[in-house]
Amino acid sequence: MHSPENPFARDPHLCSDHAGEGPSIWNLPGLPDALRREWLALETRRHFLGRGMQALGWAGLASLLGRPLAAQTAAGPAVLGPHYAPRAKRAIYLFMAGSPSQFETWDHKPVLQRMFDQDLPESVRGGQVLTGMTASQARFPIAPSIYKFAQHGQAGHWVSELFPHTARIGDELCVLKSLHTEAINHEPAILQLTTGNMFPGRPSLGSWLSYGLGAMNDELPTFVVMTSKMPHRTNVQALSNRLWSSGFLSPEHAAVSLRSAGDPVLHLNNPPGVSGDVRRAMIDGVNALNRQLFERVGDAETNARIAQYEMAFRMQSSVPELADLSSEPQSTWDLYGEKAKEPGTYAYNCLMARRLAERGVRFTQIFLRSWDQHSNLPRNIKLMAEESDQATAALVTDLKRRGLLDDTLVVWGGEFGRTCYSQGVLTAENYGRDHHPRCFSMWLAGGGVKPGLSFGETDDFSYNIVKDPVHIRDLHATMLHLFGLDHNRLSFRFQGLDQRLTGVLPAKVIDGILA
Amino acid sequence: MASSPDLPRFRRRLALGILLAALPLGAETTFYQDRIGPILDRHCVVCHGPEKQKAGLRLDSFAWVMKGAESGAMVLPGNAAGSELYRRITLPAGDDEVMPTDGKPLLSREEIRNVELWILGGASATKGVAEFPGAPALGRPKPAPVALAPDWRPRADEIRRLETELGIRLVPRSQQAGDGLILRTAGSPRRGDDATLARLAPIAELIVEAELARTPVTDAGLAALGRWTNLRSLDLSRTRVTGQGVAALASLPHLEALNLTDSAVDAAGIQRARAFPALRRLWAFGAPGMVATEARP
Numbered sequence: 101m102h103s104p105e106n107p108f109a110r111d112p113h114l115c116s117d118h119a120g121e122g123p124s125i126w127n128l129p130g131l132p133d134a135l136r137r138e139w140l141a142l143e144t145r146r147h148f149l150g151r152g153m154q155a156l157g158w159a160g161l162a163s164l165l166g167r168p169l170a171a172q173t174a175a176g177p178a179v180l181g182p183h184y185a186p187r188a189k190r191a192i193y194l195f196m197a198g199s200p201s202q203f204e205t206w207d208h209k210p211v212l213q214r215m216f217d218q219d220l221p222e223s224v225r226g227g228q229v230l231t232g233m234t235a236s237q238a239r240f241p242i243a244p245s246i247y248k249f250a251q252h253g254q255a256g257h258w259v260s261e262l263f264p265h266t267a268r269i270g271d272e273l274c275v276l277k278s279l280h281t282e283a284i285n286h287e288p289a290i291l292q293l294t295t296g297n298m299f300p301g302r303p304s305l306g307s308w309l310s311y312g313l314g315a316m317n318d319e320l321p322t323f324v325v326m327t328s329k330m331p332h333r334t335n336v337q338a339l340s341n342r343l344w345s346s347g348f349l350s351p352e353h354a355a356v357s358l359r360s361a362g363d364p365v366l367h368l369n370n371p372p373g374v375s376g377d378v379r380r381a382m383i384d385g386v387n388a389l390n391r392q393l394f395e396r397v398g399d400a401e402t403n404a405r406i407a408q409y410e411m412a413f414r415m416q417s418s419v420p421e422l423a424d425l426s427s428e429p430q431s432t433w434d435l436y437g438e439k440a441k442e443p444g445t446y447a448y449n450c451l452m453a454r455r456l457a458e459r460g461v462r463f464t465q466i467f468l469r470s471w472d473q474h475s476n477l478p479r480n481i482k483l484m485a486e487e488s489d490q491a492t493a494a495l496v497t498d499l500k501r502r503g504l505l506d507d508t509l510v511v512w513g514g515e516f517g518r519t520c521y522s523q524g525v526l527t528a529e530n531y532g533r534d535h536h537p538r539c540f541s542m543w544l545a546g547g548g549v550k551p552g553l554s555f556g557e558t559d560d561f562s563y564n565i566v567k568d569p570v571h572i573r574d575l576h577a578t579m580l581h582l583f584g585l586d587h588n589r590l591s592f593r594f595q596g597l598d599q600r601l602t603g604v605l606p607a608k609v610i611d612g613i614l615a
Numbered sequence: 202m203a204s205s206p207d208l209p210r211f212r213r214r215l216a217l218g219i220l221l222a223a224l225p226l227g228a229e230t231t232f233y234q235d236r237i238g239p240i241l242d243r244h245c246v247v248c249h250g251p252e253k254q255k256a257g258l259r260l261d262s263f264a265w266v267m268k269g270a271e272s273g274a275m276v277l278p279g280n281a282a283g284s285e286l287y288r289r290i291t292l293p294a295g296d297d298e299v300m301p302t303d304g305k306p307l308l309s310r311e312e313i314r315n316v317e318l319w320i321l322g323g324a325s326a327t328k329g330v331a332e333f334p335g336a337p338a339l340g341r342p343k344p345a346p347v348a349l350a351p352d353w354r355p356r357a358d359e360i361r362r363l364e365t366e367l368g369i370r371l372v373p374r375s376q377q378a379g380d381g382l383i384l385r386t387a388g389s390p391r392r393g394d395d396a397t398l399a400r401l402a403p404i405a406e407l408i409v410e411a412e413l414a415r416t417p418v419t420d421a422g423l424a425a426l427g428r429w430t431n432l433r434s435l436d437l438s439r440t441r442v443t444g445q446g447v448a449a450l451a452s453l454p455h456l457e458a459l460n461l462t463d464s465a466v467d468a469a470g471i472q473r474a475r476a477f478p479a480l481r482r483l484w485a486f487g488a489p490g491m492v493a494t495e496a497r498p
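Chains as they are written, first to last, in our numbering: chain A, 101 to 615; chain B, 202 to 498.
Accuracy of the hints is not assured; some may be wrong.
[As the list claims (entries may be wrong)] No more than 20 Å apart at the CA atoms, straight line, and that leaves these computed lysine to aspartate or glutamate pairs for EDC-like:
| no. | chain 1 | residue 1 | chain 2 | residue 2 |
| --- | --- | --- | --- | --- |
| 1 | A | Lys500 | B | Glu359 |
| 2 | A | Lys567 | A | Asp611 |
| 3 | B | Lys305 | A | Asp611 |
What the hints contain is simulated information worked out from the structure, not anything from laboratory work.
Values in this document were obtained by computation on a predicted structure and should not be read as measured data.
Bound-form chain B, shown alone (with noise of 0.2 Å):
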């Protein structure tokens, strides 16, 4: 799981390393590298790669691609209705011979243009992307996932009897461990109080989200959030937190949101907040703070 994606895509790069090592000068980024490359990796080469080679079948590589299956050649340079390959790929879902197999998503249209405009251009490996004007762009690939927090599940015994003597959630924001955890109060806001934060310093690390809306949080609650670096998140609305106890969040590196809507933060406070160093979104609506900048002419 943890390496096995990234070799396949390592040894097509290394194939065309040394492919593009062999090609004239000045050719920057091939079409077939920049569109069909990654279209092939992410739904193909799983069952027809390094580890698996159904059909006798591989595409993590141009060479590879080229060569075909064990029954013949997959793509016929600018033939794509004849390509097995393309026809593979244009089958109905549900059809028993459509590419991906398993019910895996199929290929999206700006996909399947692609790599048809590709067979027709001669199916080559050293065409640029600038002579395939009409290839539709395709959707942003998925950055790959960074870890928020560390992994929760080895303390999941801690975060439970947290939550039980606490009366508080800790909620896991996904299936994904490095996505840290939430902790949750909606349910029982009386719970999010100074004592909760202070009890929960041995796991703050794990948080990357905070919900105390609501809470009987004040200033000094705010001074332990302080030290919860993995924060990205933090709902202080309809609590009694003020300017002052604002600063204490300002060494927070990561904290991206902040809602003191209704709370009793003054102007200052909110000044203040603007200049935390991750911050891009900022609520005080009812906060003093807000009410006396909006009274402003």
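If we strip away everything but chain A, and leave its shape as in the complex, we get (with noise of 0.2 Å):
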């Protein structure tokens, strides 16, 4: 901005930068209100007089609230809450990177095992367009999914034997058969899952949640990611923090990421020689500078570096307290497996994600990575499906017996779908699957959703949505109306628009799986 190659620098009429110099750019006459509003709440490094008024104003005011700082938001101590009284408090979304095929867990496809190895009709395909991996292959072999189903409980839903666990509580899943999506790729697709938008750089889903709602429990992060233990390494997908960050809102909606190892938290134990009540007396030392810095320079981000150190201090008791797993009884291991003890594994993950419910954390995603079997599928998703059925059929039963399953929403899904036939060479035993966005199964459980439901249908090779198609949009607009919220009225005034979870692009609420 004030490189002196920068002609509108020299001129300090022009510059917005430095108050006293010039008029500010938010002393515009006519400047709209709401404009105006979106300046102050944005601004960063821009330097003004008056500002510290309004911070003193503003610690004031926390303190009278009795609520710690970092209960209060960047932007000001607004938290919307819900439009209309929510059916979910918070939400577990078991995130299965890689993306499980549909044909070997929750798309029963019966026709396909009668045209074992024949070719996928081109009008089925409709001139799709492919990934590189298939496109230059002779033939569209189909490969029936080598694992039986059978129908469930009260419900019947179709369930693959890979998943005997989670069948037992099928009553519970509202199972979707439509979802589709216009991403091909992991990373594109992942993202569009996790913010809403195949380009990096969104708030993710549990940042808007916390934007929206703020905290039920101010001692704990009010978004928490785990990343799982694989039990094989295949094709494994990146994840890294923009998938959980807060894009544009203040950076405290982002999640606290859980390591799967050593302290969950890093750097949260004082260090040797340093006692609690020196660390208290550092932090406030160091919040007295940032409030300060906060006064003079006015920017957001300082605030939410206060609350940081807040929320850091804070989970210095509330974290150990968490994760020490002595206290569950024996029911809890019965239920969850042995595996569960060990941290990092994908059962352990489970258990913290209902410990975390229980203490009121908001919105907890889990991600398990490897699900992304273009080769020796039938062999490498009976190794993911071992790794966490248990847990995962635990997960749900565990949070209905102690009664958090009502106000709880359980969401488990990859990123896009696959395809009916093979990639690679077809054997009886052996097959591959490709990435297919245009259908791929999810289920929810719990959280107002209509238990043992299942929506929207697929044609016979799993290839095209003939019933409900239900897009990402209309999944977190009605995650979001579970919540209470309103996705077109949740939102975020940047770069002169009010960005969405949902984007512009209409998006609706799935009605029909409403409890």
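With the hints as a guide, bring both chains together as one complex.
The structure is reproduced here in structure tokens:
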């Protein structure tokens, strides 16, 4: 901005960056109020006079409310709260990164059993663009699931034999078979599910919830992410914090990621020789300096920083209590299995998710990677199912018996579907499946969705949707709705637009799955 | 806000009432009355009704609909494709001419289909619902919001003071004032004790949900809770409350959900809770009463 090459920088009257040198942009006559407010909320590194009073006023207000500063958003103490009474207070999102095939999980296609190694009819494919991985294949031979399906429970969901535990909780599940997306590669597809947009930089779902609803427990983060150890590693998806960042929302809405080994949160323990009192005094000192900085500069991110120091300090006592599993009764281990004792496993993370839910954490996202079975699908999907099935079912069962499932939404699924034809060589025992964005399956449980429902249908090849398509935008709109939020109204003004999780294209709440 | 949304409906009913009076006997609910009127009320009447008449068009009664706009008829019986009203509701979102305007939610597929069938069937005021067998059902109309508790807003200062003094949170359940407050102790469970509950008595009628899991609350505290008449949901999991204490909640007229997981409630207490007048959901996993029940063959 201030490089000498910038011709405007030399003219003090055109530059808004230093109040006192000339008129500031936000003092321009006729500037609409809304724009002025946006400017104030977003302004970073812009110096101006009079901000000190506002900063002091805000700190005073925070203490008046008796809430730690961290509970306030950087833009002010306003937490919107739900637009209408919510059905869900919290959500646990079991993200199966890499995308489990719908054919071996939830979308039973008996017709394909009779079509082994036949070519996928061109009429079904309809000129669909394929990924570079299969586009050059001479043939598209149909690969029926090697795993058998059976109907379970009152609901009669067809469940693959890979998931015997999940099959037992089928009556709790609302299985969606008609998800679709435009993304055909993992990173954009995962981003679209976690942030509503294929391009990085948007706030994630958990951040929107934190922004819209605030914290239920000020001692713990509102949004927690855990990644899980993998039983095997093939085509592992890269995970990075852009999947759980707060984008243009204040940084305090980003997830805290709990580590899978060692201390769950890094640098939380005081270093040797530093007592709690010393640490407290240090944080008070740093915060006082930061507050001075905020008074002078008015940068909203300074407040986010203060909030993060405060949160870290409070987590010094809340996280060890959270991670101490010694009080769990034997029934817990019977349910989740012995693997849940090993930090970092998917089973451990599922148990932690229940403990986080009990303590009022709003949004917990668990990632389990390595579902990307382009080849050796029968062997590898079995490893993944064995790693996760019992713990997934345990989590839903545990939430239910403890009265938490009623207002906790559980989501299970990957980022897109897979092809009905084999990628690479098809044999009676082995095959692979490429990416397929036109349809895929997920399930939801609890939190105000209809249990025991199967929603949406695909054709005999699970290639095209034939009934009740659900775009990711619709899924997001529905999730927000369950939290009492209208996706059209949950917005944040940025770059001149009222930005929303669901973006600008039409999105609809899936009424048919609401309990 | 309070009465205006009902006004058009009332007028429509009135108009229909007059219309129906002239109908042959035995005409039960007409398709227009059952489907088309409610769709227009819901999506159009704010701009095309008694208050505003955009483009000179009113859609708050059958007669107005058929009268059309300044520019002429909007519905051509039997000809959906040629009807301006139908064209406007079937344009893509974002189109300059799509109805409703202003980015309001568009009609659902089912709603559009009902309008289409109605026009194709002659845009009749009198045909019954049974004469449109192909018309998809519309989503249940949202029940009118019922106030669960008095408006808390006039008492915001008092609420804020109690939060500060007691170290608990009193959170609106939603932006609708009638949805009441949640007593929240997740961040400070130790503060949710009997003394705190006693101090909350003056605003107890505002509290609809009490989250007291992991708090030191005892049976004495439950005696106080027994007078929180608007309570619908109570979480006492991981507390020391017993079956005796639970008896004090028997008179709560609206208590629908009670969580006694890992509490000290015995089998008799669970029996008692099951008989509460409004109770629909009860959990007692890990409570002695439940363990005993489970252990019985």
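Structure-based check of each hint:
no.: 1; hint: A:Lys500 to B:Glu359; result: violated, 36 Å
no.: 2; hint: A:Lys567 to A:Asp611; result: holds, 14 Å
no.: 3; hint: B:Lys305 to A:Asp611; result: holds, 17 Å
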